[in-house]
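Peer 1: Each chain, written out:
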Amino acid sequence: MPGQAAELVFDEATKQYAGRPEPAVDRLSLTVPAGEICVLVGPSGGGKTTALKLVNRLIALTSGDIRIDGRSILVQDVTALRRGIGYVIQQVGLFPHMTVEANIGTVPRLYGRPRSWIRARSQELLELVGLDPSYAKRYPAQLSGGERQRVGLARALAADPPLMLMDEPFGAIDPIVRARLQDEFLRLQQEVRKTVVFVTHDVDEAIKVGDRIAILRQGGRLAQYDTPEAILEQPADEFVAQFVGADRALKALALRTLDQLELRPVADGPRAPATTTLRDALSLLMTEHAESLVVLDGDGRALGSLTRDDLLR
Amino acid sequence: MTALLAGGPVIPSFGHGSSCELNNGWLCTEWLHGHWGDTLQPALIQHLELSAIAIGIGFVLAFALALVGFRARVLDPPIGVAADFLYTIPSLALFQLLVPITGLTRTTVEIALVSYTLLILYRNMIEGLRGVPADAIESARGSGFTRTQTFLRVELPLALPAIFAGLRIATVSTVSIATVAAFVIPEGLGRPIFIALEQDVFKTEILSAGALAVALALCADALLVLLQRVLTPWSRLERRA
Chain A
6 MPGQAAELVF
16 DEATKQYAGR
26 PEPAVDRLSL
36 TVPAGEICVL
46 VGPSGGGKTT
56 ALKLVNRLIA
66 LTSGDIRIDG
76 RSILVQDVTA
86 LRRGIGYVIQ
96 QVGLFPHMTV
106 EANIGTVPRL
116 YGRPRSWIRA
126 RSQELLELVG
136 LDPSYAKRYP
146 AQLSGGERQR
156 VGLARALAAD
166 PPLMLMDEPF
176 GAIDPIVRAR
186 LQDEFLRLQQ
196 EVRKTVVFVT
206 HDVDEAIKVG
216 DRIAILRQGG
226 RLAQYDTPEA
236 ILEQPADEFV
246 AQFVGADRAL
256 KALALRTLDQ
266 LELRPVADGP
276 RAPATTTLRD
286 ALSLLMTEHA
296 ESLVVLDGDG
306 RALGSLTRDD
316 LLR
Chain B
17 MTALLAGGPV
27 IPSFGHGSSC
37 ELNNGWLCTE
47 WLHGHWGDTL
57 QPALIQHLEL
67 SAIAIGIGFV
77 LAFALALVGF
87 RARVLDPPIG
97 VAADFLYTIP
107 SLALFQLLVP
117 ITGLTRTTVE
127 IALVSYTLLI
137 LYRNMIEGLR
147 GVPADAIESA
157 RGSGFTRTQT
167 FLRVELPLAL
177 PAIFAGLRIA
187 TVSTVSIATV
197 AAFVIPEGLG
207 RPIFIALEQD
217 VFKTEILSAG
227 ALAVALALCA
237 DALLVLLQRV
247 LTPWSRLERR
257 A
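Protein sequence lines correspond, in order, to chains A and B. Take 6 as the starting number for the first sequence in my numbering and just add one per residue. Take 17 as the starting number for the second sequence in my numbering and just add one per residue.
Okay, chain B solo, but in the shape it has when bound:
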């Protein structure tokens, strides 16, 4: 059956395929087999790209801002408020605002996604850096560390658990929000969901794309947990102590 659709646009075979598909079943394995290659897999990869780019840029940007806000305390409140403000704009509204400027492009999507990561990443970085025990900093300075050495060898490593906590929340929420990208560009796991909605709500496609988004978020989160264990082996001991 699926051969009939090969090469064609990604249209759900709702109404054309197996009895499961004809009856709009919740999980039609025939459809999954037939459309993994042309629908779900590309969407998943695009989704991963959209999220990874947003988190990457968001992380670098938030880190730069956190360096400024940490060193110059007076600048922390304005940066925080700006990040707060960006976070409160509904994503659909932000797309509306951006499309006239950046068009129906990936750029539009990334600007929106990055804006949503900033608040969580920035706040956690600042909290992490501020939370470094004063006695550790005093003994670093007293031992003859320069300011840069104190930052790189003491403050930054000790802020890592808080930074990771922020990174995990930002990652999960970005993977989730990235489905909305399909409003602007035909990419990501939001794309099959929107198409299925247009096609009289084809359940298998909505369910499978949604499940992939959840799985992606969970896998990314698990990877971050693992990475944190490798980078901060001491932090679990601290909590137990």
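Chain A with its partners taken away, still in its complex shape:
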């Protein structure tokens, strides 16, 4: 079975459907370094889901190439290729006739793993995605939407694939549960360090989960590929600026935390932990009508202070 993380390269990847005036994905070239999350985001018609499905060949490339760890997807047996790629979709696609354990064991079973191995692995994965191991014997109909998506994630991770494809995985989940799943997904990623391609239409989600963001525009053309900070601070053009929103400066503040700034000597003001985002810190200053705040370490000791201007610099 696979393991570790793989580098993913789109090389002039193009999908042109017959009878359509413009391609769905147009000469897409980008590299996702091993172990990073690349978010494909853009308006509908931007070809983000198409680009994702080109990778596991659910949609066939018209021209160009895609390489996983330097190996073209075109020279690999298609079922072997797919077994080596974790796949998570919005509707989850759990098999309703199988228990959670059997669902998680889907790909390991294709690899011929024995039942005992699958049982142990599903217990381990349930714990990893934050579900009680007693869920193993339940059927999907007995789970909530959020729980199903967690099982979907566990299933995709079961064979320890070096690459994960996630197609709007949290799209059908209510905002509160979605935020929690995003947080847990990021925590999980710290542990498993997979290369992930993540499709969403939600810019905020892209900024939150992405190590890098690829913004696709109508006709499947890449508008910008960069870190969230760079995209918010230097949008490549008017389209990107508009797509990320007029509040992009505020979004950029949400990406940085107090401990990334240089502190002044301790002064008066409201107190905030060092892990607070600049956006929340600014909000705190505004509600408290204060000019500066005190930054605390994990044990509640004052580390120093920051002024309003420090936050906005």
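No wet-lab data here; the hints were simulated from the structure. Treat each hint with caution, since some may be false.
[Unchecked claim] Here are some, though not all, of the chain A residues that point toward chain B, as calculated from beta-carbon distances under 7 Å:
1) Arg87
2) Gly98
3) Tyr116
[Unchecked claim] Label pairs and their in silico Cβ distance ranges:
4) Glu129(A) to Ile73(B): 26 to 32 Å
5) Val97(B) to Asp209(A): 52 to 58 Å
6) Pro94(B) to Tyr22(A): 29 to 35 Å
7) Asp151(B) to Pro180(A): 18 to 24 Å
8) Gly150(A) to Leu242(B): 31 to 37 Å
9) Ala150(B) to Gln81(A): 22 to 28 Å
10) Leu35(A) to Tyr103(B): 56 to 62 Å
[Claimed, not checked] Beyond 10 Å from chain A on every Cβ pair, some chain B residues (computed):
11) Ser35
12) Leu176
13) Phe210
14) Leu253
Using N, Cα and C, we set each Cβ at its ideal position, and we do this for glycine too.
Using the hints provided, position chain B relative to the given structure of chain A.
Peer 2: Below, chain B without anything else, positioned relative to chain A:
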């Protein structure tokens, strides 16, 4: 009394037996006791055989057709229409058509019975296979299932509830239609009913044979329900969800 008839042809003792039998009562227990062994039990067993063979062959045939109609969508309408057509022919008319070719044999009866199962079984199989959620199929393919694996591990199991629904209807209706087999061959629960009709409508025999046919249908249906519960434990949860 019944001893007088032992070994003889299966003739109702209407007119020869107890007062109940002489008065053509609705349920003469003496007659039932006397003729369970020589009339009702053999008829019941024959009826079971006729029905089981028809449903078995019908199931295999419908499944093969459904595989074709499911994979090659263009072939679904013609297969459906052919099954529709077979279903609309009245059973007595179909016997008339078949007897010159296959004679007064079990084959004639089975051809007719099988034809009536095809429509219900085929339609339910196709509906069941088409009704499999697209997301389950997509994740199967995305996980690296081959086409055959997708069919055997995802599509077929998920179509089972619909297939069972069809099987239950086909079973009950076949058990019912099989009584008409007695027009062609002296077998099944239709046989005692026809004889009783010829014998000035002997009520006990008609009632008991009819009741056995109903009981057989209900038992077969109950067995199928049980089998489905064992094979698709998830389907009741789905409906509740």
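Peer 1: Taking the hints in turn, state whether each one holds.
Peer 2: For each hint, the structure was consulted:
For Arg87(A), the suggested interface contact is upheld, since its CB lies about 4 Å from the closest CB of chain B, less than 7 Å. Look at Gly98(A): its Cβ gets to within about 3 Å of chain B, closer than 7 Å, so that hint holds up. For Tyr116(A), the suggested interface contact is broken, since its CB lies about 9 Å from the closest CB of chain B, more than 7 Å. For Glu129(A) and Ile73(B), the Cβ-Cβ distance of about 49 Å falls outside the hinted range of 26 to 32 Å, so the restraint is violated.
The hinted range of 52 to 58 Å is satisfied by Val97(B) and Asp209(A), whose Cβ atoms lie roughly 54 Å apart. Pro94(B) and Tyr22(A) have their C-beta atoms about 31 Å apart, which keeps the hinted 29 to 35 Å range intact. Between Asp151(B) and Pro180(A) the CB atoms are about 22 Å apart, so this pair conforms to the stated range of 18 to 24 Å. Here the CB-CB span from Gly150(A) to Leu242(B) is close to 33 Å, well matched to the stated 31 to 37 Å.
Between Ala150(B) and Gln81(A), the C-beta spacing of about 25 Å keeps the proposed range 22 to 28 Å intact. At roughly 59 Å, the beta-carbon separation of Leu35(A) and Tyr103(B) lies within the given 56 to 62 Å, and the hint holds. With a least CB separation of 60 Å from chain A, Ser35(B) remains clear of the 10 Å interface cut-off, as annotated. A cut-off of 10 Å between C-beta atoms contradicts the statement that Leu176(B) is not in contact with chain A; the least separation is 8 Å.
No Cβ of chain A comes within 10 Å of the Cβ of Phe210(B); the nearest lies about 46 Å off, and the non-interface call holds. With 10 Å as the threshold on Cβ separation, the claim that Leu253(B) sits away from chain A is violated: the shortest Cβ distance comes to roughly 4 Å.
Violated hints for the displayed structure, listed by number in ascending order: 3, 4, 12 and 14.
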